[in-house]
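Assembly of the complex is requested from the two constituent chains, each provided in isolation within its own frame, with the hints serving as guidance.
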Amino acid sequence: MIRFENVQKRYPGGREALSGVSFSLERGEMAFLTGPSGAGKSTLLKLIALIERPTRGTVLVNQQNTARIRRRRVPYFRQRIGVVFQDHKLLYDRPVFDNVALPLVIAGMKPREIGRRVRASLDQVGLLDRESHPPITLSTGEQQRVGIARAVAARPDVVIADEPTGNLDPALSLDIMKLFERFNEVGVTLLLATHDLELVGHLGHRRIELEGGRLARDSGQ
Amino acid sequence: MIVRYFRLHAQTLGAALGRIGSTPVGAALNVLVIAIALALPAGMQVLIENANRLSPAFDDAADFTIYLKLDVDEERGRALSAEIESRAEVESTRFVSKLEGLTELRQSMGFGGALEGLEENPLPHAIRVRPDVRAIDAIDTLASDLEGLPEIDLVQLDRAWVERLRAILALGGRGVDLITVLLATSVILVIGNTIRMEIQNRRTEIEVLKLVGATDGFIRRPFLYTGLCLGGTGAVAAALMIGIGLLLLAGPVRDLAALYATDFRLSGPSFGALGTLIGGGALLGWIGAWIAAARHLRAIEPA
Numbered sequence: 032m033i034r035f036e037n038v039q040k041r042y043p044g045g046r047e048a049l050s051g052v053s054f055s056l057e058r059g060e061m062a063f064l065t066g067p068s069g070a071g072k073s074t075l076l077k078l079i080a081l082i083e084r085p086t087r088g089t090v091l092v093n094q095q096n097t098a099r100i101r102r103r104r105v106p107y108f109r110q111r112i113g114v115v116f117q118d119h120k121l122l123y124d125r126p127v128f129d130n131v132a133l134p135l136v137i138a139g140m141k142p143r144e145i146g147r148r149v150r151a152s153l154d155q156v157g158l159l160d161r162e163s164h165p166p167i168t169l170s171t172g173e174q175q176r177v178g179i180a181r182a183v184a185a186r187p188d189v190v191i192a193d194e195p196t197g198n199l200d201p202a203l204s205l206d207i208m209k210l211f212e213r214f215n216e217v218g219v220t221l222l223l224a225t226h227d228l229e230l231v232g233h234l235g236h237r238r239i240e241l242e243g244g245r246l247a248r249d250s251g252q
Numbered sequence: 219m220i221v222r223y224f225r226l227h228a229q230t231l232g233a234a235l236g237r238i239g240s241t242p243v244g245a246a247l248n249v250l251v252i253a254i255a256l257a258l259p260a261g262m263q264v265l266i267e268n269a270n271r272l273s274p275a276f277d278d279a280a281d282f283t284i285y286l287k288l289d290v291d292e293e294r295g296r297a298l299s300a301e302i303e304s305r306a307e308v309e310s311t312r313f314v315s316k317l318e319g320l321t322e323l324r325q326s327m328g329f330g331g332a333l334e335g336l337e338e339n340p341l342p343h344a345i346r347v348r349p350d351v352r353a354i355d356a357i358d359t360l361a362s363d364l365e366g367l368p369e370i371d372l373v374q375l376d377r378a379w380v381e382r383l384r385a386i387l388a389l390g391g392r393g394v395d396l397i398t399v400l401l402a403t404s405v406i407l408v409i410g411n412t413i414r415m416e417i418q419n420r421r422t423e424i425e426v427l428k429l430v431g432a433t434d435g436f437i438r439r440p441f442l443y444t445g446l447c448l449g450g451t452g453a454v455a456a457a458l459m460i461g462i463g464l465l466l467l468a469g470p471v472r473d474l475a476a477l478y479a480t481d482f483r484l485s486g487p488s489f490g491a492l493g494t495l496i497g498g499g500a501l502l503g504w505i506g507a508w509i510a511a512a513r514h515l516r517a518i519e520p521a
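Note that the protein sequences, when read in sequence, are chains R and A.
Under the numbering used here, the first residue of the first sequence is numbered 32, with each subsequent residue one higher.
Under the numbering used here, the first residue of the second sequence is numbered 219, with each subsequent residue one higher.
In isolation and in its complexed conformation, chain A is listed as follows (with noise of 0.2 Å):
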């Protein structure tokens, strides 16, 4: 019985296959629609994927950079770094002179040429405040508290912009997902439409078929295999696309990284995401197939 089942099924998919290929350029039209269908929202969603690698960088943002006015001096300004340490919600504090300051930015930030063209060093003095991990919470009125001290200019919380940055990726991933659901349905549609046809071509052979006693399950399952061929196929050639398209950024993102003197580099979709993308192509194709077939098929009978 199971060997039984499963020749069938071998000798479906091989029809199949021999069909798609009877057809070529309109099959290889089909599987670039599909392709470019899947293409994109995972494309996209490879790129969320690299963007969320570089969030982590910042897990220690709880952070925040104290700017002293101009004209506080250095040992004022060590001073209230101990003064602030001293408080409760704050774990630890290190004073940044403004000479630290500018080799630091020297240093971190690529800009040493632009740097060298200062006649005076126009940094202000800085404190970096670690806030005690349990007065998180009370993080923004330690701000507000600090920022009313006569000596302080600026107060710069620099969650807030990685907080954006994580909110600006978790909308960009909810806008893929919203894309990926609408690119598959449309993935369903157009392989559901391609048996539509492909059922109406062989109207005559479904009728004989029914004829001679074939069930509507071995009727089905030549299109389904056709659904589940276009979708796997279209499926591989997304990944290629993916492929070719992180080959073409891959130059482009070194050189940008290596402006903010990071060795970030893209990197491709792990074989999980490729199985995902392979074997979720392939249901989509399946499931159109079975829709087109179940709406189809079951119209046509010998008469």
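Next up, chain R with everything else stripped away, as it sits in the complex (with noise of 0.2 Å):
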């Protein structure tokens, strides 16, 4: 599903934040992505969903070389992925349903066939009751899990996710990634980048652990 072969991301200004990074992930696959802050996990996954590309080697993404999609494609190519980010990334001006609704709206999702995912996602993440409600009066764990259900609503292939956990307590924390767990045995590919170590842990899955840029353990290979 994700495959890097040898990448390395100089951004301009000369720092190296990933150099000679190869791995894989298949399909259905969960994995955690740790190490330290400055590591170059969030460029990794900058790179999946091409906000980034790299410098040298390559990223294939569902057997997609990213390198050979053009600037006007990119829309196209993020539809297929969902994003979840630390700080939730909503749109405060709207409500709850909206929200999630957006990737379905942008994939021009008939109203009916939206209204039926977003109530889906919401109810996957427990919030259903709150689809009317503007985010800024959910807590910070609640916000996040809109920032799931918004990730999963359209079946992307893979959902990355960086720092998901980041502002939350530790059983918020294992709540999110209890919900993670409960999409990837439907099938989602995942992989979340995070530096919790204590709930990696726990959890115990695939981790694949970055250091200055290199890649210094992958317990998956």
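Just so you know, not all the hints are guaranteed correct.
If you only want the chain R side, here are some residues facing chain A, beta carbon under 8 Å, derived [as the list claims (entries may be wrong)]:
hint, residue
1, I82
2, P106
3, Y107
4, R109
5, Q110
6, V114
7, K120
8, L122
9, L133
10, P134
11, I137
These are computed hints drawn from the structure, not numbers from a lab.
Backbone N, C-alpha and C define an ideal beta-carbon position, used for all residues, glycine too.
Set out below in structure tokens:
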């Protein structure tokens, strides 16, 4: 599903965020991307979502070489990827329902189908009764669950998450991770960046560890 | 596919209207600026068109009038009239005695009162000359030829002032065209600037939209609709302004026309012209928004 071949990313100014990273994640797999701050976790996820492009090496997503995707085609590529952010990146001027519906509206779905899918997603994250609330009235954990509902609403090939539990206390973090596990059980490919090693150890999935931009350890290989 | 397209557009149009409505004062000021910029050239266009409606009344303007010297009597005048009529370049002539001249003047120009006060008729005899249409080009030669005759005081080519009027109208029309171009550009700039600020205000939203896979077209669309609505609303307001302006002018124009003994009335813009104004306003808004979106949306990328 995701395949990195000897990927290097050097930012303008010379900072090398990733060097020689290779790994692959199979369809339906769930893995944690760990490592200290500045190890290159975010950069790696950005390469998958085509927010950044590699300086060298190849990133394949769903057998597609991302280097060959032109700027104009990037939106269609992103429609197949669900992204969850540490700061949720919700739109606060519209209710929960509209936030979750966003990727579906973009994909041009019929209103009835959108309503069905949004409610299904909200049901899965346990926020069905909050669809008409503005996100700001929700707790941080609930907002993150809205973010997750949005990421999975369009049933993407893969969901990536950058520190999805970064702002949450341990109990809520575990809740969120359990939620991701449930999505994985129904076949969603997941790559979650986190520095919460305790949680990762507790859940025991494949762990890809970065250090100083290099692959330090990969428990899946 | 097509249904999907229209559904998206309808949704965005609604959202754009809602967004304009959410900041009523700012939006109203914007619309007012646009309306003034559109009303000026459109209003002047209406006035020029009204003036143009006046000038066909002078289409027989190739006719000219010869005024005889005061000491030439009526008999000699009639003979001269027949003489001139026999020329090849002349189609017909009409002798106008000083008495007839005074009566005509009294009837046509509304000078009745002023003329009553005159003790004697100050007018000379005159001859109205209608040149042969084929000789139109030779009209100046003919006129100066006639002016050389001893009995003739003055040859007045009526055409001259009509041509002057037409030249002035043409100049005015050209001026209005120039002003139209300038003000249309300013409408594009005003709307472009509004959209630019709107884009800056909604930067975060645009980033999120790009992250969840929105195409450039999808992101651009609400801004284009906002521009379209601003331009269209501005044009409707401009039409209202022109209407009010015409109402205010109607009375004085009627009075002035009465002084010239015509029943000329100001006419408003036609439906076609109104359609052009509103369609044009909307188009300018769309263009302004498009330029702003093309320039500024691309620069916003999620990081």
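Hints and how they fare:
1. The beta carbon of I82 of chain R comes within 5 Å of a beta carbon in chain A, closer than 8 Å, and the hint placing it at the interface holds.
2. Hint status for P106 of chain R: holds, given a least beta-carbon distance of 4 Å to chain A, under 8 Å.
3. Given hint, Y107 of chain R at the interface with chain A, holds; its Cβ is 7 Å from that chain's nearest Cβ, closer than 8 Å.
4. A cut of 8 Å between beta carbons decides the hint on R109 of chain R: the least distance to chain A is about 4 Å, and the hint holds.
5. Below 8 Å, beta-carbon pairs count as interface contacts, and Q110 of chain R has one with chain A at about 4 Å; its hint therefore holds.
6. Against a cut-off of 8 Å between C-beta atoms, the interface hint on V114 of chain R holds, since the closest Cβ of chain A lies about 6 Å away.
7. For K120 of chain R, the interface hint holds, the least distance from its beta-carbon to any beta-carbon of chain A being 5 Å, beneath 8 Å.
8. Here the hint on L122 of chain R is kept, as its CB sits about 6 Å from the closest CB of chain A, short of 8 Å.
9. Interface hint status for L133 of chain R: upheld, as the beta-carbon distance to the closest one in chain A is roughly 5 Å, under 8 Å.
10. A hinted interface residue such as P134 of chain R counts as satisfied when its beta carbon comes closer than 8 Å to some beta carbon of chain A; here the least separation is about 5 Å, so the hint holds.
11. Nearest Cβ of chain A to the Cβ of I137 of chain R: about 5 Å, under the 8 Å cut. The hint holds.
Of the numbered hints listed earlier, not one is contradicted by the structure.
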